[in-house]
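Peer 1: Here's the letter readout for the chains.
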Amino acid sequence: MKRIILFSAAMILAGAAVQAQVSIGALQDGHNSANAARHLPTFLGDHFRKVQVTVFNPYLSLGSSFASFEDAREYMTADRITSGMISNTIDKLEPEGNNIHGVVDIALLNVALNIGGSDGRKATVGFGVNERVEMNMLFNEDLLRLAWNGNKQYAGQTVNLMPRFNGLAFTEYYVAASYNIAPSFTDMIIKPAIRLSYLSGQASIQMPKDNAVSLFTESEGRYLDFDFNYTVNASMDADSLTLEGSTFNINEKSFRGGAGSGFGMDIGVRVSPRPGLSFNLGIMDIGSIHFKNGVTNMFNHSSYRYEGQELTFAEDQSINLDSLAGLAKPNYTHEAYTMKLPTKLILTASMGLGRMEKKSGVYYRHQLTAMYLQGFDNYLSSTKKPYLALGYTHSFNNVFNLGANAGVGGITGGTFGVLASVKAGPFCFGLHSNNILPLISPSSGRGADLGMLLGLTF
Amino acid sequence: MLLLLVTAASCNKDKTNEMDGDWLFPIAKGNLSINSLSELKNLEYDVEIPAFSIGQPVNFPVSSPGLHISHVGPFGVQITDWLHRVDVDTLEFTGSLSNFFPIPIGAGTRVSLRNARDTSAAHVVGFATIPQTVMPGASFSFDINIYGQSLSDSVYFTLDEFNSPAYNNVVFSSTPAHLKIQLKVVAASFVEIYTNRTFTSVDTAEFSAGEDDNIGGNSGGALSDTSTSGVINVFTDNGLPANIYSQLYFLDETKTQVLDSMFLGALDMEGGLTDDLGNTSFINRRKTIIPVTRQKLDHLKASRYVASRFEFNTVNYTGLWVAANRGPKLSIQFTGDLNIRINF
Numbered sequence: 001m002k003r004i005i006l007f008s009a010a011m012i013l014a015g016a017a018v019q020a021q022v023s024i025g026a027l028q029d030g031h032n033s034a035n036a037a038r039h040l041p042t043f044l045g046d047h048f049r050k051v052q053v054t055v056f057n058p059y060l061s062l063g064s065s066f067a068s069f070e071d072a073r074e075y076m077t078a079d080r081i082t083s084g085m086i087s088n089t090i091d092k093l094e095p096e097g098n099n100i101h102g103v104v105d106i107a108l109l110n111v112a113l114n115i116g117g118s119d120g121r122k123a124t125v126g127f128g129v130n131e132r133v134e135m136n137m138l139f140n141e142d143l144l145r146l147a148w149n150g151n152k153q154y155a156g157q158t159v160n161l162m163p164r165f166n167g168l169a170f171t172e173y174y175v176a177a178s179y180n181i182a183p184s185f186t187d188m189i190i191k192p193a194i195r196l197s198y199l200s201g202q203a204s205i206q207m208p209k210d211n212a213v214s215l216f217t218e219s220e221g222r223y224l225d226f227d228f229n230y231t232v233n234a235s236m237d238a239d240s241l242t243l244e245g246s247t248f249n250i251n252e253k254s255f256r257g258g259a260g261s262g263f264g265m266d267i268g269v270r271v272s273p274r275p276g277l278s279f280n281l282g283i284m285d286i287g288s289i290h291f292k293n294g295v296t297n298m299f300n301h302s303s304y305r306y307e308g309q310e311l312t313f314a315e316d317q318s319i320n321l322d323s324l325a326g327l328a329k330p331n332y333t334h335e336a337y338t339m340k341l342p343t344k345l346i347l348t349a350s351m352g353l354g355r356m357e358k359k360s361g362v363y364y365r366h367q368l369t370a371m372y373l374q375g376f377d378n379y380l381s382s383t384k385k386p387y388l389a390l391g392y393t394h395s396f397n398n399v400f401n402l403g404a405n406a407g408v409g410g411i412t413g414g415t416f417g418v419l420a421s422v423k424a425g426p427f428c429f430g431l432h433s434n435n436i437l438p439l440i441s442p443s444s445g446r447g448a449d450l451g452m453l454l455g456l457t458f
Numbered sequence: 001m002l003l004l005l006v007t008a009a010s011c012n013k014d015k016t017n018e019m020d021g022d023w024l025f026p027i028a029k030g031n032l033s034i035n036s037l038s039e040l041k042n043l044e045y046d047v048e049i050p051a052f053s054i055g056q057p058v059n060f061p062v063s064s065p066g067l068h069i070s071h072v073g074p075f076g077v078q079i080t081d082w083l084h085r086v087d088v089d090t091l092e093f094t095g096s097l098s099n100f101f102p103i104p105i106g107a108g109t110r111v112s113l114r115n116a117r118d119t120s121a122a123h124v125v126g127f128a129t130i131p132q133t134v135m136p137g138a139s140f141s142f143d144i145n146i147y148g149q150s151l152s153d154s155v156y157f158t159l160d161e162f163n164s165p166a167y168n169n170v171v172f173s174s175t176p177a178h179l180k181i182q183l184k185v186v187a188a189s190f191v192e193i194y195t196n197r198t199f200t201s202v203d204t205a206e207f208s209a210g211e212d213d214n215i216g217g218n219s220g221g222a223l224s225d226t227s228t229s230g231v232i233n234v235f236t237d238n239g240l241p242a243n244i245y246s247q248l249y250f251l252d253e254t255k256t257q258v259l260d261s262m263f264l265g266a267l268d269m270e271g272g273l274t275d276d277l278g279n280t281s282f283i284n285r286r287k288t289i290i291p292v293t294r295q296k297l298d299h300l301k302a303s304r305y306v307a308s309r310f311e312f313n314t315v316n317y318t319g320l321w322v323a324a325n326r327g328p329k330l331s332i333q334f335t336g337d338l339n340i341r342i343n344f
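Order-wise, the sequence lines are chains P and G.
Under our numbering, the first residue of the first sequence is numbered 1, with each subsequent residue one higher.
Under our numbering, the first residue of the second sequence is numbered 1, with each subsequent residue one higher.
If we strip away everything but chain P, and leave its shape as in the complex, we get:
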């Protein structure tokens, strides 16, 4: 059960979103190329000579598209949660597409080896194991307005109540490779890269995009029309989920893996017209996981008009006015299903100024980085809202790197992050973030993230 709680807590507390799972803080830091390569494989082989190893590098992202950390603090510290507080929060909601989103991404072990070539960097291969948990929930403003303010405000109207929740926990075992193509007549380097993953799905909850549960309230409340059209797929290894009345039951689970399996792929290409300037294009998280163990499909595709408990005025009648809760009861099947990965397009550009050379390699004292991120769906760590970020990193003798970044768009709207990393001999340690805005302005910061670098390079 503890694992369930941890899983739930991870999913809920990670209930957040910056531009989860893709951190410009990693991309802009030369010391952090191992974690950058996990986002974009064209970073594979950067900034080390022979071998790069990272162990247990966690990344956590929290946020939402509507609630600020000030809101959260107000709720947690208030002596009394009033309907006014709730109304204020609801007033901040968009009519549709409110997003709660989060990621826990733990790079357990990542190894990269530079091989071949006169400078030892002609090609790079890598392998590793990562643990990833992602979730997001989309919902309409009407859902919360209805829950907290009742349905009278919707008299004579139809409202869609169905939130869309998706959660995915899996382990990825990957191999990666990149290759530097250097035409002899120019300084240009073209670097294609690919990462192929075997994915071991541990658990998932899937709500397809076309799910809907609508409620129509007759203008005088004489009937409620429910239109159910939903499917919820869940896989939690050898156990099941049930929905009884208004209660969602998750029985004792064990996340030992093996609930599903699949393959993933990241591809990218880098073009460097000259040393210090590069452009990267990548598509991340192509693939899917097929869940076939411990699968429960809950569905209800029906319509129902509720006009109240039926009275017969007969002696043998039993009147139970609490009968409404049973309407939404789903049907159950146990058919395998496929959960796609949150595919994204990523574009980056970086320019180094102040080229320096050390025994450990070339570095730039000033590094400018730009990133454009575009998801293909509002799903897990992917969002259709584009995110654009700019970052600057200053390297102090390639030992101590300090940087800052700022972005607009995405789920949380605006971000400001910092990074710091130290390279002492073969050891690298650092922290990076896309968003520390809640620390600076809690009333406007709607998300936060933090990643850690811990590695060795030779």
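Simulated from the structure, these hints should not be mistaken for lab results.
According to the in silico footprint, chain G covers these stretches of chain P (three or more CB under 8 Å from chain G):
#1 150-156
#2 222-233
#3 303-310
A virtual CB, placed ideally from N, CA and C, is assigned to each residue, including glycine.
We have chain P already, so just place chain G on it with the hints.
Peer 2: Chain G in isolation, oriented as in the chain P frame:
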């Protein structure tokens, strides 16, 4: 996120939080037609059959080579004082004949129900035949269904083909034989009701208002100190040719204590109109608003039975009677229009 925040914040038991919503929802609905009238479900009659009805004197020794009487009776009873005619689809005819005569009642004797005093076979709507001789002091019980018959305001019982074996020096007392009859109109297709009459229909049903939903919190549930204000709307569409006054009584589990009533006074529903064939020609529609207090909701939640009392009257209707077939009905629906504030 909001739900999570509120849930997390509410974990502090020293804090009280509130949830405030205006809810509009149907509560219950039902239709009352001529087939819902409980008074037609339990019509009981006690008929005494004195010795003289089989031609025997009392307190005087008599002998006979055996009796055979074509019809004993008829014994007439009025079905109700408000019913002029009822056409039944199904009528349950049950009863018992207790033989307090000093002679047996022979097999083949029939207990007949007739729709006229006339003893011709054409007016028999149902009968039960005694299969075995009923000895003095014994009784014969029967239970038969009668289909598709028309009854007037009265019905008549007869013992047809009454027979008894020979007897000698037998003294009949003044104690009559006893016919106990119960008629239950399972389904009627047409009724005619005298005008300017009043009759009632009372039923009791089990009731639950959802005690486990924690709203109300009398039992210390997770939610407590709920305050509720608002109204219950009662929509009535009366197509029956009768004015109706109704009250709902909420009873405790012993059925002996009235915890509350739904309406202040009674719910007044003016009658509709029907034609001679009993079809509705006018429906009287009304919306009645009942203020709701937290106390009333608590009483409803504590209630285990609800007794419904419908008083019908045909006052101010013209003609000798009004008619209704199985179509006309009183439709009644309760909806809630409540502001519910829950402290938790």
